[in-house]
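These protein sequence lines map, in sequence, to chains W and F.
For the first sequence, the working numbering begins at 69 and goes up steadily by one.
For the second sequence, the working numbering begins at 51 and goes up steadily by one.
Treat the hints with care, since some could be wrong.
Listed next, the in silico DSBU-like pairs over lysine-lysine satisfying Cα-Cα at most 30 Å (straight line) [as the list claims (entries may be wrong)]: (1) F:Lys94 to W:Lys166; (2) W:Lys124 to W:Lys136; (3) W:Lys110 to W:Lys124; (4) W:Lys166 to W:Lys136; (5) F:Lys101 to W:Lys166; (6) F:Lys121 to F:Lys94; (7) F:Lys121 to F:Lys101; (8) W:Lys139 to F:Lys121; (9) F:Lys94 to W:Lys124; (10) F:Lys77 to W:Lys139; (11) W:Lys110 to F:Lys101; (12) F:Lys101 to F:Lys77; (13) W:Lys166 to W:Lys124; (14) F:Lys101 to W:Lys136; (15) W:Lys110 to F:Lys121; (16) W:Lys110 to W:Lys139; (17) W:Lys139 to W:Lys124; (18) F:Lys121 to W:Lys166; (19) F:Lys121 to F:Lys77; (20) W:Lys139 to F:Lys94; (21) W:Lys110 to W:Lys166; (22) F:Lys112 to F:Lys101; (23) F:Lys77 to W:Lys166; (24) F:Lys112 to F:Lys94; (25) W:Lys110 to F:Lys77; (26) F:Lys94 to F:Lys77; (27) W:Lys139 to W:Lys166; (28) W:Lys136 to F:Lys112.
According to the in silico footprint, chain W covers these stretches of chain F (three or more CB under 8 Å from chain W) [stated by the list, open to error]: (29) 91 to 98; (30) 153 to 164.
Honestly, the hints are just simulated from the structure, not real lab data.
Here the structure is a predicted model, which is why all the values come from computation and not from measurement.
C-beta: ideal position from N, C-alpha, C; glycine also.
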Amino acid sequence: GENVGLHLPTLSVQEGDNSIINCAYSNSASDYFIWYKQESGKGPQFIIDIRSNMDKRQGQRVTVLLNKTVKHLSLQIAATQPGDSAVYFCAEFQGAQKLVFGQGTRLTINP
Amino acid sequence: NAGVMQNPRHLVRRRGQEARLRCSPMKGHSHVYWYRQLPEEGLKFMVYLQKENIIDESGMPKERFSAEFPKEGPSILRIQQVVRGDSAAYFCASSTRQGRSTEAFFGQGTRLTVV
Chain W
69 GENVGLHLPT LSVQEGDNSI INCAYSNSAS DYFIWYKQES GKGPQFIIDI
119 RSNMDKRQGQ RVTVLLNKTV KHLSLQIAAT QPGDSAVYFC AEFQGAQKLV
169 FGQGTRLTIN P
Chain F
51 NAGVMQNPRH LVRRRGQEAR LRCSPMKGHS HVYWYRQLPE EGLKFMVYLQ
101 KENIIDESGM PKERFSAEFP KEGPSILRIQ QVVRGDSAAY FCASSTRQGR
151 STEAFFGQGT RLTVV
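Whole structure, please, built from the sequences with the hints as guidance.
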């Protein structure tokens, strides 16, 4: 289900290191997943998506991994930069009707 | 191609007043979602609409909240008799739900403050 009412977990990484953000989804019937980035005071911004018939998808500096067995998604950001600081959400399409968001993780970059 | 447009960006209402939040989807998009976000929390689904139809309103409070997406014009989220607990950021997203991609694009949100 939706994770609301909980304070965001935080991930701190050194600039230049790789970041891995994890997400557990709830509905085994969900077949489409999206990662969003949300900067302070702004709306969520699409990063990358993946369908359930795939295990991995790569974009520019980002990779999404999907493990359907344990209903787990991860977002890997290579060579993390200061501009990557934001809150990252995974979202799943449930029943092809409703886009449901996970809890979110705040990523902070240490210089 | 303009993105999803929400207005106003900031809205202040006194308790008991009505709040109207507008969302113009991206050109060619006929599906609209509304979400509510409290500070430091995730986005909570409220309602999913297509043109002239409410598809899923399972996240809408039973009272005071309503949404519409008319044939012409923006989608409207209406909150009657606002209370302080309604203070939040409200985000709208739109999608085409055509082709292989069903990615949804978000607006910048409306930040409602009830005083």
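Here's how the hints hold up against the structure:
A C-alpha spacing of about 11 Å is found between F:Lys94 and W:Lys166, which places the hinted pair at or below 30 Å, so the restraint holds. Between the alpha carbons of W:Lys124 and W:Lys136 the distance comes to roughly 11 Å, so the proposed pair stays at or under 30 Å and holds. Proposed proximity of W:Lys110 and W:Lys124 is supported: the alpha carbons are some 28 Å apart, at most 30 Å. Distance check on the hinted pair: W:Lys166 and W:Lys136 sit about 19 Å apart at the alpha-carbon level, within 30 Å; holds.
For the hint pairing F:Lys101 with W:Lys166, the CA-to-CA distance comes to about 16 Å; that is within 30 Å, so the pair holds. Taken as a hint, the F:Lys121 and F:Lys94 pair is honoured in the structure, with Cα atoms around 26 Å apart against an allowance of 30 Å. Proposed proximity of F:Lys121 and F:Lys101 is supported: the alpha carbons are some 6 Å apart, at most 30 Å. Proximity of W:Lys139 to F:Lys121 is assessed by CA-CA distance (about 38 Å); at most 30 Å being required, the pair is judged violated.
For the proposed pair F:Lys94 and W:Lys124, the alpha carbon gap of about 27 Å is at most 30 Å, so the pair holds. Taken as a hint, the F:Lys77 and W:Lys139 pair is broken in the structure, with Cα atoms around 34 Å apart against an allowance of 30 Å. Taking the CA atoms of W:Lys110 and F:Lys101, the gap is near 26 Å; set against the 30 Å cutoff, the hint holds. At roughly 13 Å between alpha-carbon atoms, F:Lys101 and F:Lys77 fall within 30 Å of each other, so this suggested pair holds.
With a C-alpha separation of about 23 Å, the suggested pairing of W:Lys166 with W:Lys124 holds against the 30 Å cut-off. At roughly 34 Å between alpha-carbon atoms, F:Lys101 and W:Lys136 are farther apart than 30 Å, so this suggested pair is violated. Restraint check: the Cα-Cα separation between W:Lys110 and F:Lys121 comes to about 28 Å, which is no more than 30 Å; the hinted pair holds. Proximity of W:Lys110 to W:Lys139 is assessed by CA-CA distance (about 29 Å); at most 30 Å being required, the pair is judged to hold.
Our distance criterion of 30 Å between C-alpha atoms is met by W:Lys139 and W:Lys124, whose separation comes to about 14 Å. The hinted pair formed by F:Lys121 and W:Lys166 meets the criterion: a straight-line CA distance of about 21 Å does not exceed 30 Å. Distance check on the hinted pair: F:Lys121 and F:Lys77 sit about 14 Å apart at the alpha-carbon level, within 30 Å; holds. Using a Cα cut-off of 30 Å, the hinted pair W:Lys139 and F:Lys94 holds, with the two alpha carbons roughly 20 Å apart.
For a cut-off of 30 Å, the pair hint linking W:Lys110 to W:Lys166 stands: about 22 Å separates their Cα positions. Of the pairs offered as hints, the one joining F:Lys112 and F:Lys101 holds, with about 22 Å between alpha carbons and a cut-off of 30 Å not exceeded. Restraint check for F:Lys77 and W:Lys166: the C-alpha separation of about 21 Å stays at or below 30 Å, so the hint holds. Restraint check for F:Lys112 and F:Lys94: satisfied, since their Cα atoms lie roughly 15 Å apart, inside the 30 Å limit.
Taking the CA atoms of W:Lys110 and F:Lys77, the gap is near 21 Å; set against the 30 Å cutoff, the hint holds. The hinted pair formed by F:Lys94 and F:Lys77 meets the criterion: a straight-line CA distance of about 25 Å does not exceed 30 Å. Distance hint between W:Lys139 and W:Lys166 is fulfilled; the C-alpha atoms sit about 18 Å from each other, no more than 30 Å. Taking the CA atoms of W:Lys136 and F:Lys112, the gap is near 34 Å; set against the 30 Å cutoff, the hint is violated.
Only when three residues or more bring their CB closer than 8 Å to a CB of chain W does the claim for the stretch 91 to 98 of chain F stand; here the count is 6, and the claim holds. With a cut-off of 8 Å between beta carbons, the stretch 153 to 164 of chain F has 7 residues touching chain W; three or more are needed, and the interface restraint holds.
Taken one by one, the earlier hints fail for this structure at numbers 8, 10, 14, 28, listed in ascending order.
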